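**Student:** Given these sequences and hints, build the entire structure.
Residue numbers (full-length UniProt numbering), protein chains in the order written: chain A, 1 to 92; chain B, 1 to 268; chain C, 1 to 203.
Note that these hints are calculated values from the structure, not bench results.
It is possible that some hints are incorrect.
Stretch-level coverage of chain A by chain C, calculated; a stretch enters the list once three of its residues show a Cβ under 8 angstroms from a Cβ in chain C [what the hints assert, rightly or not]:
id, segment
1, 10 to 17
2, 45 to 52
3, 56 to 70
4, 74 to 85
Quick list of simulated restraints, FRET-style, between CB atoms [said to hold, decoys possible]:
id, chain 1, residue 1, chain 2, residue 2, range
5, B, Gln69, A, Leu46, 55 to 65 angstroms
6, C, Gly134, B, Thr117, 23 to 33 angstroms
7, A, Leu25, C, Val127, 22 to 32 angstroms
Quick caveat, the model's predicted, so the values are computed rather than measured.
Glycine included, C-beta positions come from ideal geometry on N, C-alpha and C.
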Amino acid sequence: MTSYIRSPLVIVWALLTVVTVASWLTARDGGSSHQVNIAVTVVVLLIAALKTQLVIWHFMEVRNSPGWLRAVMHLWLAALFALLLGVYFSFR
Amino acid sequence: MNERVEVADNPAAGTSPSWRRHPKLDQWIAFWIVPGFFTLFGIVFVPLSFMMPPRSPGSSTPEIVGFMQSHNLLIACAILTLSFGLAPITNACYVMQVKRMSVSPVFRYTIIVGATTGAIVGMLFPMFCFGLGAFRTGYDPPILAMLFDFGYLAYIGSLGCFCIMWMAFGLAILLDRNNILPKWLGYYTVWQYLTELMAAPVWIATSGPFAWDGLMTFWFAMALYVPWQIIVYLCIYRAIKNQPVHELENAQFVVASSLPATRPTAHA
Amino acid sequence: MTEVAQGQTAGIGEPRRDGRTGRHLPGEGSMWFFVIGDLVIFGAYFVAYMFYRGQHPDLFLQSQARLNQDIGAVNTVMLLTSSLFVALGTSAARSGKVADAVRLFVIALGFGAAFPLLKLFEYVPEVTAGLTPGTNAFFMFYYVMTGLHLCHVLLGLVVLGFVVRELRISPNPRISFVETGATYWHMVDVLWLILFALFYLMR
Chain A
1 MTSYIRSPLV
11 IVWALLTVVT
21 VASWLTARDG
31 GSSHQVNIAV
41 TVVVLLIAAL
51 KTQLVIWHFM
61 EVRNSPGWLR
71 AVMHLWLAAL
81 FALLLGVYFS
91 FR
Chain B
1 MNERVEVADN
11 PAAGTSPSWR
21 RHPKLDQWIA
31 FWIVPGFFTL
41 FGIVFVPLSF
51 MMPPRSPGSS
61 TPEIVGFMQS
71 HNLLIACAIL
81 TLSFGLAPIT
91 NACYVMQVKR
101 MSVSPVFRYT
111 IIVGATTGAI
121 VGMLFPMFCF
131 GLGAFRTGYD
141 PPILAMLFDF
151 GYLAYIGSLG
161 CFCIMWMAFG
171 LAILLDRNNI
181 LPKWLGYYTV
191 WQYLTELMAA
201 PVWIATSGPF
211 AWDGLMTFWF
221 AMALYVPWQI
231 IVYLCIYRAI
241 KNQPVHELEN
251 AQFVVASSLP
261 ATRPTAHA
Chain C
1 MTEVAQGQTA
11 GIGEPRRDGR
21 TGRHLPGEGS
31 MWFFVIGDLV
41 IFGAYFVAYM
51 FYRGQHPDLF
61 LQSQARLNQD
71 IGAVNTVMLL
81 TSSLFVALGT
91 SAARSGKVAD
101 AVRLFVIALG
111 FGAAFPLLKL
121 FEYVPEVTAG
131 LTPGTNAFFM
141 FYYVMTGLHL
151 CHVLLGLVVL
161 GFVVRELRIS
171 PNPRISFVET
181 GATYWHMVDV
191 LWLILFALFY
201 LMR
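**Tutor:** Written out as structure tokens, the structure is:
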């Protein structure tokens, strides 16, 4: 069972966890009130996009899936985050 | 399909016209009522009475009174009262196909009960509320305002019944080993269930995206629902068409010689 | 049912390669229809949320400050870990190591079950503090979106349960079924990753 720890998937997981902690720390206000912070938002959303990409590519095995699925997933990811950031910036 | 050929060449079948001896006549009549019913409903609710898209829950009392006592609403309610009995027939089309599935009878009973309670709460209650406003004059504005809220909440907020119905229908399709209806339709039906759940906030919010005319609860749900309603009936059309005649429940009443002698085609 | 044999040559964590193209669609096609559709539907909800947030930035910011960011972060790690074990279990199942697969999926179930439990510790204090869906637009969005996601998680736990059952009881476990369940679970994880960023972290 312990041989599984050498799987490349564990490396992906470790990266995901580190990045999660990083984004959580980025958003900590240390007790002060929440305020609009464009930098934090962009960092947080980009990290979320990275995490999503990693899970889809490696865990869901889209990396090895037919071309149409890879195209659709990338299109969805790009469109969603483009829209999210676009709408966010349209109000700034 | 070769069904008409089977029925037509039988001189010993009696004097009724051949179309009346069509084995699936009952299902086709029920099926073709559906577009008629929905078109009627569409006309009643949208251009005629302006009930859909929903009036704002935050409408002022004079607006509500004007709407409740409008001539258009009167005509709409009259048509609704005369035609609501067709609704069970549209649901019967679903149940006839679910009966053919390999799943437990619990699913079709759940669909029937869900459809029945849903129709009572989702169609009859609004009919009473808006009908009262339209057919009876002299109600005080606050009472009309309450009937307005009651009617819309019953129509859009009656999610529980339809939740159960769509969940049962969707699960039945997914678990069915006979593949009567396609699996992706089962998943699409699960989305129906989820959008019904999303309608729960209408009871709380009177404005914004979660009110009964809101983006999240109404418009997104409509964007999912309208194609689903069309698609599900297209799939049912195919299912009726592909159903082998010998599997029909009234197969024993179809004249014996009109059934093919050899094993019929397997359905798609 | 001979899919297990085909996976023998793949290493741990490596997806199998089919036939000439070497590409493989995990599980049943209809589940991918559901996954893509669900991602699009939630995507629309996310963008709508971003839009309404833009209209009331202060309200959303002040309300957001009342959320428990720590539980949110822990829950994220729980789901990611659970997804890891699902992915490991899937490739173990493919390699024919069914006993390992069962253990891995059970561990995944454990981490997955932590999510609703932690959610309880999050929702209950919020509600008792008077923060309900009716409080304001942010909280309506928060409860509806995380609630909808929670329903997906609970359904996913049931699905994983069936996967474990298939692996344990069936003499020749259907790998397609395992992959289908795994795909659903990973989708649930993806949805949370975005929810976490949008509701808990962004400013």
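**Student:** Next step is simple, just say for each hint if it's right about the structure.
**Tutor:** Consistency of the hints with the structure:
For a cut-off of 8 angstroms, the count of residues in the segment 10 to 17 of chain A with a CB near a CB of chain C stands at 5, and the three-residue condition holds. Given a C-beta distance limit of less than 8 angstroms, the hint that chain C covers the segment 45 to 52 of chain A holds, as 5 residues qualify and 3 suffice. Here the segment 56 to 70 of chain A counts 11 residues with a CB under 8 angstroms from a CB of chain C, which clears the bar of 3, and the coverage holds. Under the rule that three or more residues need a Cβ within less than 8 angstroms of chain C, the assignment of the segment 74 to 85 of chain A holds, with 5 such residues.
Between glutamine 69 of chain B and leucine 46 of chain A the C-beta distance comes to about 56 angstroms, which sits within the given range of 55 to 65 angstroms. For glycine 134 of chain C and threonine 117 of chain B, the hinted distance range of 23 to 33 angstroms is satisfied, since their beta carbons lie about 26 angstroms from each other. Leucine 25 of chain A and valine 127 of chain C have their C-beta atoms about 28 angstroms apart, which keeps the hinted 22 to 32 angstroms range intact.
In summary, this structure violates none of the numbered hints.
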